[in-house]
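*Asks:* In case you want the letters, here they are:
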Amino acid sequence: MANEGDIILETVDLRKQFGGLKAVDGVTLKVRRGTLTGIIGPNGAGKTTYFNLLAGAYRPTSGKVLFEGQDVTRLAAWRRARRGIARTFQLTRALSRMTVRENLMLAPDGQVGERVWGPLFAAPQVRHEEEALRRKADEMLSLFELTRLADSYAGSLSGGQKKLLELARALMREPRLVLMDEPMAGVNPTLARKLLDKVEALRRERGITFVLVEHNLEAVFERCHPIVVMATGRKLIEGDAATVRAHPDVIEAYLGGAA
Amino acid sequence: MRRGVREWLVLAGTLVVVFGGLSLFGLMSPDHALRGTYLLGVAMTVAIYALLALGLSVEMGYAGLLNFGHVAFMGLGAYGAAVFVLKQRDAVVPALQGAQPWAFAVIALIALCLGFLVYALALQVAQRFAKRRRVAIGIAAALGLAAAIYAGATMYPLGPRGALNATVFLGVLIGIAASTLAGLVVGLAGLRLREDYLAIATLGFSQVVFLLTLNEADITNGSQGIQSVPRPIFDWATHTQWMKDLAKHWNVLPTGLANAAMGILCVAIAFVLLETLARAPWGRVLKAIREDEDVAASLGKNALLYKLQALMIGSALAAVAGILFIWNVASVVPEDFLAIVTFYSFAILVLGGVGNHKGAIVGAILIWGIFELAGNLTSLPFFTQHHIAFAGPPQAILVGLVLILVVMLRPQGLVGSKEEMSLGK
Chain D
1 MANEGDIILE TVDLRKQFGG LKAVDGVTLK VRRGTLTGII GPNGAGKTTY
51 FNLLAGAYRP TSGKVLFEGQ DVTRLAAWRR ARRGIARTFQ LTRALSRMTV
101 RENLMLAPDG QVGERVWGPL FAAPQVRHEE EALRRKADEM LSLFELTRLA
151 DSYAGSLSGG QKKLLELARA LMREPRLVLM DEPMAGVNPT LARKLLDKVE
201 ALRRERGITF VLVEHNLEAV FERCHPIVVM ATGRKLIEGD AATVRAHPDV
251 IEAYLGGAA
Chain B
1 MRRGVREWLV LAGTLVVVFG GLSLFGLMSP DHALRGTYLL GVAMTVAIYA
51 LLALGLSVEM GYAGLLNFGH VAFMGLGAYG AAVFVLKQRD AVVPALQGAQ
101 PWAFAVIALI ALCLGFLVYA LALQVAQRFA KRRRVAIGIA AALGLAAAIY
151 AGATMYPLGP RGALNATVFL GVLIGIAAST LAGLVVGLAG LRLREDYLAI
201 ATLGFSQVVF LLTLNEADIT NGSQGIQSVP RPIFDWATHT QWMKDLAKHW
251 NVLPTGLANA AMGILCVAIA FVLLETLARA PWGRVLKAIR EDEDVAASLG
301 KNALLYKLQA LMIGSALAAV AGILFIWNVA SVVPEDFLAI VTFYSFAILV
351 LGGVGNHKGA IVGAILIWGI FELAGNLTSL PFFTQHHIAF AGPPQAILVG
401 LVLILVVMLR PQGLVGSKEE MSLGK
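Line by line, the protein sequences are chains D and B. Quick note on my numbering: the first sequence kicks off at 1 and runs consecutively. Quick note on my numbering: the second sequence kicks off at 1 and runs consecutively.
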């Protein structure tokens, strides 16, 4: 089943149109399991729209999204999440009025206590489950060095800490694919490096596939393989850092028609 | 922990201030027996409003849903119960007496409801002591079954009074079911709208319900309303010796005592239920949806399902409030369910603290306390009959004033948390 290197995520001629604007205009892409794929492109290239199509926040105008070989195009975001896709957001969206630990304990699927009868008719089971969740959350917190913030409201965290929290929360779900929308935006360089180190380690140790959309080209060139370049809603090129860097179309896309 | 204690203290303090203040006025009243009964009446009204506010608290405080038509669900509960009992009484009551198949089915239904209640309660206790889940469920189920069989056996066959009580019970089920179903339907239609539009849609719904109760005179008697609704608690209290003795001992009317006890019991049960749910992962998901629905979805939570559940629970509580209301006043007219009742419920939540079930109870005591205290002011010696005639508006003004003061001085409400408030979204 889950072989290293098979195709985990695939889009086939994916399109999204907002009125007259073709935000994503026929993107076909295959993401291999266990890779750290970086999507780059100038502003307005359609990266975030494409990303939202992958996560299920938008329905495509046409085309298909396949996850682990199954068509998930018509599935709502929460159903895709249950299949094993986790995501983070461009502007961090911690659940402000919940504590950091609550943010993490919320994440996993299939909790008995989440059903309305659970707390009333299966109280011991729920208690048991909560203890296990709490342990798991605390492990995740220590992995991300957030332990001392466990009982703070998530809204009181700094921007960088919220990014860490988002990633930790996504990982609580034990996803097979993590989509990260500009994980480094607004994060100081040290913390950004730490974040990417974490991603790299998780990819290597747990075999989690990461797809990130990012504006920080240096980081992407350094860490991601393969790299996908998008411009005006299309996939321009896909390859390793050297290929992408050298490609004339990429230079043109970034510098505009002038080059 | 410390915060929890503080919240209970606020609740106790509000109770003491409001009911203490009302008792002081009572001391001036010459009629000793009416004084205590009057306080019980206030307690009953507070209980009804607390139930309404608790329903709204689940919807707004936890799920973040603005339901401006909350009163409609109260009305549906009240009318559902009253219409069924009064219109069908002549057909249903005879059918339930003696050894008839219908009587048997209805008794079985009532016995099962009772048995389930016993099962649920026993399970809460058994779960604490029994090591294994199966053992706990087994014990609770055995007790529930025994209770159901015992209840069924003692009820069968029904006499005239029993048949009437059974009809009333069916009415209660119908009222709650009607309201809960309406919550589901309104939710299915309205939850696809963005948040503020839900408020408008629900406000519209409450207007529709109001106009239906006013104009569908064949069913609801229109603006005349339904009079002399059977009051099972009232009847029970007037026929039960120990209740009468107890009431005599405390120098109050037995009916007032029984009503207030029923109201307080309902509030207590609702509060414990909601608190249990709120502290459980269920409440955590609801809070997450309130904070950010997209994040909740990205974590695999089906937001629509949870919002529907919140709406249905809120509607069911409103229905219970409506039924208590008609049992209290023995009549129901469309004007009982005007939009102002919804907005009093909102005022209660704001006063007490949004997102905190204790706040709903504190707010209800306070709002009703202010109303009653203001009304009693006119009994002070320097007020004349002339003043008393104009006592209504100052009551509403006083409530408004307190609301403004609370919003200015304690925007998080009396028991709300300031930190949660300031973090916002």
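Just so you know, the hints here were simulated from the structure itself, not pulled from any lab data. Worth double-checking, as some hints may not be accurate.
Said to hold, decoys possible - Here chain D is said to cover these stretches of chain B; the calculated rule only asks that three of the stretch's residues, wherever they fall, bring their Cβ under 8 Å from a Cβ of chain D: (1) 45–53; (2) 294–306; (3) 361–375.
As the list claims (entries may be wrong) - List of simulated lysine-lysine pairs, DSBU-like, C-alpha gap at most 35 Å: (4) D:K198 - D:K30; (5) D:K64 - D:K22; (6) B:K87 - D:K194; (7) D:K136 - D:K198; (8) D:K136 - B:K87; (9) D:K136 - D:K22; (10) D:K136 - B:K418; (11) D:K198 - D:K64; (12) B:K418 - B:K244.
Just so it is clear, CB atoms sit at the ideal spot from N, CA and C, and this is done for glycine as well.
*Asks:* Confirm or reject each hint.
*Replies:* Hint check:
Evaluation of the coverage hint for the segment 45–53 of chain B: breached, as 0 residues show C-beta separations to chain D shorter than 8 Å, against a requirement of three. Only when three residues or more bring their CB closer than 8 Å to a CB of chain D does the claim for the segment 294–306 of chain B stand; here the count is 10, and the claim holds. Against chain D, the segment 361–375 of chain B contributes 0 residues with a C-beta closer than 8 Å to a partner C-beta. That does not satisfy the three-residue criterion, and the hint is violated. Pair hint D:K198 plus D:K30 holds up; C-alpha atoms about 24 Å apart against a cutoff of 35 Å.
Proximity of D:K64 to D:K22 is assessed by CA-CA distance (about 16 Å); at most 35 Å being required, the pair is judged to hold. Distance restraint check for B:K87 and D:K194: the Cα-Cα separation of roughly 72 Å exceeds the 35 Å cut-off, and the hinted pair is therefore not satisfied. At roughly 17 Å between alpha-carbon atoms, D:K136 and D:K198 fall within 35 Å of each other, so this suggested pair holds. With a C-alpha separation of about 58 Å, the suggested pairing of D:K136 with B:K87 is violated against the 35 Å cut-off.
Simply put, D:K136 and D:K22 have alpha-carbon atoms about 43 Å apart, too far for the 35 Å limit, and the pair is violated. The hinted pair formed by D:K136 and B:K418 meets the criterion: a straight-line CA distance of about 30 Å does not exceed 35 Å. A hinted pair counts as satisfied when its Cα atoms are at most 35 Å apart, and D:K198 with D:K64 qualifies at roughly 31 Å. Simply put, B:K418 and B:K244 have alpha-carbon atoms about 47 Å apart, too far for the 35 Å limit, and the pair is violated.
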